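Protein chains: 2
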Amino acid sequence: MSEPTFPAFQDSYSEWAGQCYGCGRMNERGLQIKSRWEGEESVCRFLPGSYHTAVPGFVYGGLIASLIDCHSTGTAAAAAYRAEGRPMGTQPELRFVTASLHVDYLRPTPIGEQLEVRGKVEEITGRKVVVATELRVGGEICARGRVVAVRAPESMKA
Amino acid sequence: MSEPTFPAFQDSYSEWAGQCYGCGRMNERGLQIKSRWEGEESVCRFLPGSYHTAVPGFVYGGLIASLIDCHSTGTAAAAAYRAEGRPMGTQPELRFVTASLHVDYLRPTPIGEQLEVRGKVEEITGRKVVVATELRVGGEICARGRVVAVRAPESMKA
Numbered sequence: 001m002s003e004p005t006f007p008a009f010q011d012s013y014s015e016w017a018g019q020c021y022g023c024g025r026m027n028e029r030g031l032q033i034k035s036r037w038e039g040e041e042s043v044c045r046f047l048p049g050s051y052h053t054a055v056p057g058f059v060y061g062g063l064i065a066s067l068i069d070c071h072s073t074g075t076a077a078a079a080a081y082r083a084e085g086r087p088m089g090t091q092p093e094l095r096f097v098t099a100s101l102h103v104d105y106l107r108p109t110p111i112g113e114q115l116e117v118r119g120k121v122e123e124i125t126g127r128k129v130v131v132a133t134e135l136r137v138g139g140e141i142c143a144r145g146r147v148v149a150v151r152a153p154e155s156m157k158a
Numbered sequence: 001m002s003e004p005t006f007p008a009f010q011d012s013y014s015e016w017a018g019q020c021y022g023c024g025r026m027n028e029r030g031l032q033i034k035s036r037w038e039g040e041e042s043v044c045r046f047l048p049g050s051y052h053t054a055v056p057g058f059v060y061g062g063l064i065a066s067l068i069d070c071h072s073t074g075t076a077a078a079a080a081y082r083a084e085g086r087p088m089g090t091q092p093e094l095r096f097v098t099a100s101l102h103v104d105y106l107r108p109t110p111i112g113e114q115l116e117v118r119g120k121v122e123e124i125t126g127r128k129v130v131v132a133t134e135l136r137v138g139g140e141i142c143a144r145g146r147v148v149a150v151r152a153p154e155s156m157k158a
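Line by line, the protein sequences are chains A and B.
Counting in this note's numbering, the first sequence runs without a single skipped number right up to 158 at its last residue.
Counting in this note's numbering, the second sequence runs without a single skipped number right up to 158 at its last residue.
Please keep in mind that the hints were generated in silico from the structure rather than gathered at the bench.
Treat the hints with caution; some may be incorrect.
Across the chosen pairs, the derived CB separations fall in these ranges [what the hints assert, rightly or not]:
1. W37(B) x G39(A): 49 to 57 Å
2. E40(B) x G57(A): 33 to 41 Å
3. K120(A) x P7(B): 43 to 51 Å
4. P4(B) x E113(A): 39 to 47 Å
5. K128(A) x F6(B): 22 to 30 Å
Stretch-level coverage of chain B by chain A, calculated; a stretch enters the list once three of its residues show a Cβ under 8 Å from a Cβ in chain A [said to hold, decoys possible]:
6. 15 to 21
7. 45 to 52
8. 78 to 88
9. 114 to 123
10. 130 to 141
Since the model is a prediction, treat every value here as computed from it, not as a measurement.
Idealized CB from N, CA, C, for every residue including glycine.
All chains, full assembly: derive it from the sequences and hints.
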């Protein structure tokens, strides 16, 4: 499936937020994931590198956790902008960080195929957004995630 | 604090288990973490790269999750060997994978200093080991983790 051409959540991040190893478009060493709405769900598709191995043939769990983490904080930001009725990237910037991350690894995730992470906003209250995710390969669910995301504290701002 | 010279858990992994991006000594692109017993706790120290950024000045959560994940599966293997009264690396190989991972991010983790992850075995029963971890920077706890590790299924073996 080809990627859509309209901007991803992460394309709207400021230079400050765009440095993240997982999702920053400005981090040349990073994963540079892209997330977009598809109806009420947010979707991120990612092809692991051949070196993202757990044991030969399978994706290592840390990459799966990283995708779920950054896709969820991106989804949280997108949902918060939507709730305020304004486009992503407008000021003040709504940037979220992870308060807690939970991943259930349901089966070994095969390497070499595109991973699809789909997120749903479970809760959005004040400075907190809860996002539930499923990670699939070829339609089969390999992992489930749940992230509690909170607005980035002022102490993280330069 | 300099690293001890005695072998780490991961130094005993087979060629099969040694490919992991997080903890395999044979993965040239990977993190190559090292874990060792210090008394009843297992310890891993890791210096993030400058590119392991969340926002400038702080470590991205996916790296923290990856360290906790691989340090915990390594601790699970070490604990399982110890429970069987035989050295790591002897046959049959006891290799663990993650059934579930939970991380609470307590405060932003500053980048540029060594991270220390300490693990305790909470439970060891049959094919399952539960490991609780704390991640510190300069003595301050920045994250807590809990991993349920299970023996790698036969389907993951080449």
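ask   = According to a criterion of three or more residues whose C-beta lies within less than 8 Å of a C-beta of chain A, is the region 78 to 88 of chain B covered?
value = With 0 residues close enough to chain A, the hint is violated.
task = Apply the coverage criterion to the region 15 to 21 of chain B and chain A: a residue qualifies when its Cβ sits closer than 8 Å to a Cβ of the chain, and three qualifying residues are needed.
result = n = 5 at 8 Å, threshold three: holds.
task = Using the beta carbons of K120(A) and P7(B), state whether their distance is inside 43 to 51 Å or not.
result = holds, 45 Å
ask   = P4(B) and E113(A), beta-carbon distance inside 39 to 47 Å?
value = Distance hint for P4(B), E113(A) holds at roughly 40 Å.
ask   = Using the C-beta atoms of W37(B) and G39(A), is the stated range 49 to 57 Å upheld?
value = With Cβ atoms ~50 Å apart, the hint holds.
message = Closer than 8 Å Cβ to Cβ for three or more residues is the test here. Does the region 45 to 52 of chain B pass it with chain A?
response = holds (count 3)
key: Coverage of the region 114 to 123 of chain B by chain A (three or more Cβ within 8 Å)   = Three-residue rule not met by the region 114 to 123 of chain B, so violated; n is 0.
message = Closer than 8 Å Cβ to Cβ for three or more residues is the test here. Does the region 130 to 141 of chain B pass it with chain A?
response = Not satisfied, violated; 0 residues make the cut.
Verdict for K128(A), F6(B) (Cβ pair) under range 22 to 30 Å = At 45 Å between Cβs, range violated.
ask   = Do the Cβ positions of E40(B) and G57(A) conform to the proposed distance bound of 33 to 41 Å?
value = Taking Cβ atoms as reference, E40(B) and G57(A) lie about 35 Å apart, which means the hint holds.
When the structure is compared with the earlier hints, violations turn up for hints 5, 8, 9, 10 and for no others.
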